[in-house]
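Going down the list, the sequences are from chains L and G.
Residue numbering for the first sequence follows the numbering used here, beginning at 502 and increasing consecutively.
Residue numbering for the second sequence follows the numbering used here, beginning at 502 and increasing consecutively.
It cannot be assumed that every hint is accurate.
Example chain G residues on the side facing chain L (calculated, C-beta under 7 Å, incomplete) [to be verified]:
| hint | residue |
| --- | --- |
| 1 | F508 |
| 2 | D511 |
| 3 | Y521 |
| 4 | A545 |
| 5 | Q556 |
| 6 | R562 |
| 7 | A566 |
| 8 | F573 |
| 9 | L587 |
| 10 | M630 |
| 11 | A648 |
| 12 | K669 |
Simulated from the structure, these hints should not be mistaken for laboratory data.
Being a predicted model, the structure only gives us computed values, none of them experimental.
Cβ atoms here follow ideal geometry from the backbone N, Cα and C, with glycine treated the same way.
Here are the chains, one letter per residue:
Protein chains: 2
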Amino acid sequence: MPMEWAFPADQKEGVYRAIYERRDVRHFKAGAIAEEVLNRIIDAGLAAPSVGYMQPWRFVRIQQASLREEIFQLAEHERQQTAAALGERKEEFLRLKTDGIRECAEVIVVLLCDHRERYIFGRRSMPHMDLASASCAIQNMWLAARAEGIGLGWVSLFDPDELRALLKAPNGAEPIAILCLGHVERFDERPLLETAGWDSHRERADVLMTDQWITPTAGYSDKDSL
Amino acid sequence: MPMEWAFPADQKEGVYRAIYERRDVRHFKAGAIAEEVLNRIIDAGLAAPSVGYMQPWRFVRIQQASLREEIFQLAEHERQQTAAALGERKEEFLRLKTDGIRECAEVIVVLLCDHRERYIFGRRSMPHMDLASASCAIQNMWLAARAEGIGLGWVSLFDPDELRALLKAPNGAEPIAILCLGHVERFDERPLLETAGWDSHRERADVLMTDQWITPTAGYSDKDSL
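Same shape as in the complex, but just chain L (with noise of 0.2 Å):
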């Protein structure tokens, strides 16, 4: 069968390109990003699919230094939480940098929107589906980001009733990322935390079933149970 619609060859490259060398980038370096750069990266991020076409997606950009450190902070707080939760793997996951906030070009907050409530197209026994809806367009963003060369990180070390109440959003808006952009010394040959030995990669075979659910004997590490 003929494949009318797929992409030429060098096309379909790069978008299997993006999906395997996309990394969650926590190591930047200096330099600005251009600012056409920076509004293909967020438009790429407009262009997801929503649940209803609800496009729950907010974005605060953050320019003011000492709001920065402000959030860095609010990072930082929740990574001594969740190092303390941890237990016996505690020491192991300090020792990993889970953030950028204060080296990066870029800090932009993605919320959901507030009166979500208003929608139920694809989410009336599914509310949730928003935040589905908001994480597709930031994985746009993502790759984006890496076909421009411009390494992202999504943090989720926070609390977020307190990022909400520093950027002044109402009670019904929901933060569900800190967005770290920037340059980049290189785009790492693996996810960081298979590098770090966290977790392995889960192949096809650990994941996929066929009409009914199997308990996967290899869809689990030996050190899963944090």
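With chain L's structure known, arrange chain G on it following the hints.
Same frame as chain L, but now just chain G:
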């Protein structure tokens, strides 16, 4: 500044084409998906980022015709429930095509794995980041499918408890998507819900703020009070 990590122009174009020409497809034409193409699409999902590298995604490929029909009936039931909840937009909603479960080549249910409470990294204060990760995986699959010329639709019209029971999945596992994949006559120029007048596209100015939340003036259409 040289963008030494940026993709060459044709590969970059591929990434942006996938992002902008991806559609939430509900109309399929006959024809199986080649196994190697389907595998590439699934593997693209497995390359997604995940919080604490937990890789919470699980896939159940539906091959029994009777099971597919039961899944269709679940979606159809929820479609009627949603229509009733929509009030004055009920008829408008019912005219929209909201699934392609019966006619697509492949149905794949995506679930979050069980035992997710074991994972704390990035989830102590933000437990729902597991859904965010799996949504990134689905977006990867969506873009890979587009590059392959394959349409994909994400159906969230279902009761997750009933779908879990159909697949004999454990209580801790959580269905998040019925994915419909198949060949298409065409990819629409614009999202179906935009063409149908359900809602309008939000531009950057509608959703991007600086340093603090500003309630967007253009962020809501006049049709959003569902």
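Here is what the structure says about each hint:
no.: 1; hint: F508; in the structure: holds, 5 Å
no.: 2; hint: D511; in the structure: holds, 4 Å
no.: 3; hint: Y521; in the structure: holds, 5 Å
no.: 4; hint: A545; in the structure: holds, 5 Å
no.: 5; hint: Q556; in the structure: holds, 5 Å
no.: 6; hint: R562; in the structure: holds, 5 Å
no.: 7; hint: A566; in the structure: violated, 11 Å
no.: 8; hint: F573; in the structure: violated, 15 Å
no.: 9; hint: L587; in the structure: holds, 6 Å
no.: 10; hint: M630; in the structure: holds, 5 Å
no.: 11; hint: A648; in the structure: holds, 4 Å
no.: 12; hint: K669; in the structure: holds, 5 Å
Taken one by one, the earlier hints fail for this structure at numbers 7 and 8, listed in ascending order.
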